[in-house]
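Line by line, the protein sequences give chains B and X.
For the record, in the first sequence the residue sitting at position 22 is 22 according to the numbering used here, with numbers rising by one throughout.
Counting from 1 along the second sequence, just add 256 to a position and that's the residue number in the numbering used here.
Where hints are given, some of them may not hold.
What the hints assert, rightly or not - Derived pair list, reagent style DSS-like, types lysine-lysine, alpha-carbon separation capped at 25 Å:
hint, chain 1, residue 1, chain 2, residue 2
1, X, Lys460, X, Lys477
2, X, Lys422, X, Lys259
3, X, Lys290, B, Lys120
4, X, Lys477, B, Lys117
5, B, Lys117, X, Lys270
6, B, Lys66, B, Lys45
7, B, Lys44, X, Lys346
8, X, Lys291, B, Lys120
9, X, Lys346, B, Lys117
10, X, Lys273, B, Lys117
11, B, Lys43, X, Lys318
12, X, Lys402, X, Lys477
13, X, Lys475, B, Lys81
14, X, Lys292, B, Lys150
15, B, Lys117, X, Lys292
Keep in mind the hints are simulated off the structure, nothing from the lab.
If you want the building blocks of each chain, they are given just below.
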Amino acid sequence: MNKILKNIRVNILNLTYKAKSSHIGSCLSIVEILTILYFKILKKKDKFILSKGHAALALYCILFEKKIISLKILNSFGTNKTVLMNHLSHKVNGVQFSTGSLGHGLPVAVGKALKFKVNKESNKVFVLLSDGEMNEGTTWESLLFASHHKLDNLNIIIDYNKIQSMDFVKKVINIEPLKSKLLSFGCDVIQVNGHNLLALNKALIKKNKNKPKVIIANTVKGKGISFMENNNLWHYRNPNLQELNIALKEIEKKYA
Amino acid sequence: MRKLLIKELIKINKNKKIYLIINDLGFNVVEPFKKKFPDRIFNAGVSEQNMMGMAAGIASEKCNVFVYSIANFSTFRCAEQIRNDIDYHKLPVTIVSVGAGLGYGNLGYTHHALQDYALMRSFPNMLILSPGNNNELISLLNFINKNPQPSYLRIDKNEHKDTKFKKITITPGKIIKLINGNKKKIILTTGNVQSLAKKMMYKKYKNYSLYSMPMWSMKSKNKVKKMIKNFDEIITIENHFHDCGFGSWLKECVNETNIKTIIKSKYIKNNVINEVGSEEYLLKKYGPK
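Take these sequences, add in the hints, and give me the full structure.
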């Protein structure tokens with residue numbers, strides 16, 4: 001798994017540099033979550049929606065590791081004529097739903113989960129939200145509905161990296177106490193270290209108790225690169241060559 | 257047309273592929289569907305954005321979804337869900353708006369449907385379904401059942417007392433003759449303004465032919481262009497604002513062509529209607545003249 005984690009981070013860094021794109025911090029915070037989902041949890045019949053579509057590059061890198069998209073396609077990121085937009089597109093092989101505007105993934109996931117539940121189909125639905133999406137009205141509308149209909153096939157993961165677009169979440173719109181909010185909406189709630197594969201796996205395989213499950217994954221924005229961690233500058237910036245080289249060296253050292 | 261819609265939905269839902277989603281309305285209308293298909297109807301509550309996203313989610317799993325609401329709730333309130341989740345993904349969701357035009361006249365301007373064509377016809381994959389009578393509604397439902405796709409069904413709140421069902425074939429951009437008259441000068445309606453058009457013909461356009469176009473879209477413009485050429489004069493009548501409405505759409509169809517057909521639009525006066533009243537009263541005051 002370490003090799004996969006390393007490859008994904010290296011590809012995220014190189015491609016963000018090459019494409020001069022943004023959201024590198026948001027991609028780096030979900031590497032472990034996507035890896036455990038795609039290499040351990042998701043079965044063929046299961047559904048996954050990356051609601052934080054601005055972290056599309058992280059998913060494209062996973063799809064490459066899973067050999068669903070080719071290196072040629074992956075390397076087209078950020079070029080003209082590519083299907084790899086900076087937000088997620090279902091025109092890319094392996095992507096089940098396009099996202100980019102926040103607050104859309106969860107309602108769609110709820111629809112899928114409802115369809116499976118009503119028809120007694122065993123498919124599970126997974127959806128990964130950003131903490132910024134906790135500001136969206138749709139998130140809470142969907143939770144009310146999912147909980148009312150006891151959608152125990154719905155698994156929501158929140159990438160709680162504590163930084164949204166402009167500033168720290170607690171400074172923009174405080175969402176705490178998040179766990180008790182989710183509990184009061186009728187969800188099962190598990191808090192884990194979102195960079196710990198074992199902890200994530202344990203939370204993801206835990207059976208839902210007649211309720212939707214929410215995993216609050218405590219993560220670090222920009223995880224793995226010292227100067228990017230916990231710094232919202234890296235929501236927007238792409239590394240210059242010097243920064244890229246330092247970052248790649250850090251990754252080499254981390255996974256040596 | 258509400259009750260007829262539900263009756264027909266029950267008829268066409270033979271393989272139980274149709275889901276009906278409501279946002280806490282449809283009292284005394286949707287019950288027969290619920291009775292027949294209790295596990296195919298869901299009340300999303302008063303949460304239209306979640307409702308529309310959810311409809312996309314269900315439709316993405318090989319089901320056909322009808323979202324039943326009043327125009328303001330099912331269009332502007334959840335416009336981005338319609339654009340990103342339904343239209344862009346080309347999912348088989350039919351968005352039903354009850355109370356076309358000034359159907360909910362007494363409920364005030366929040367419930368008037370006067371700009372809904374404007375929004376819905378701006379989505380590239382959206383098909384506008386605007387029946388003017390029961391025959392058209394039934395035929396449109398049969399079409400959409402056979403060709404599921406993003407669509408916007410705008411129906412009259414009131415039931416129509418049409419006579420026997422007569423099967424008609426409707427395709428996007430096709431015009432249907434209602435009254436024979438002048439071969440070159442026609443009145444063209446969409447939606448529930450056919451009786452209004454007949455009154456206008458009697459007063460102003462006695463020799464004109466009357467046609468209806470119950471299905472149109474961004475994609476059918478090219479086909480319509482050819483139809484327009486056949487006439488010298490077309491007068492459109494609609495219960496919608498002029499701006500971005502049906503008449504404007506028809507005029508867009510002839511853009512950058514040499515078509516000389518005169519197209520005139522009759523519409524609801526472009527303004528926020530601050531007074532309430534029955535549909536009849538408001539149409540008389542603000543409607544097509």
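We went through each hint and held it up to the structure:
no. : hint                 : verdict
1   : X:Lys460 to X:Lys477 : violated, 29 Å
2   : X:Lys422 to X:Lys259 : holds, 18 Å
3   : X:Lys290 to B:Lys120 : holds, 19 Å
4   : X:Lys477 to B:Lys117 : violated, 41 Å
5   : B:Lys117 to X:Lys270 : holds, 21 Å
6   : B:Lys66 to B:Lys45   : holds, 16 Å
7   : B:Lys44 to X:Lys346  : holds, 23 Å
8   : X:Lys291 to B:Lys120 : holds, 20 Å
9   : X:Lys346 to B:Lys117 : holds, 24 Å
10  : X:Lys273 to B:Lys117 : holds, 15 Å
11  : B:Lys43 to X:Lys318  : holds, 19 Å
12  : X:Lys402 to X:Lys477 : holds, 22 Å
13  : X:Lys475 to B:Lys81  : holds, 24 Å
14  : X:Lys292 to B:Lys150 : holds, 23 Å
15  : B:Lys117 to X:Lys292 : holds, 19 Å
Of the numbered hints given earlier, the model fails hints 1 and 4; all others are met.
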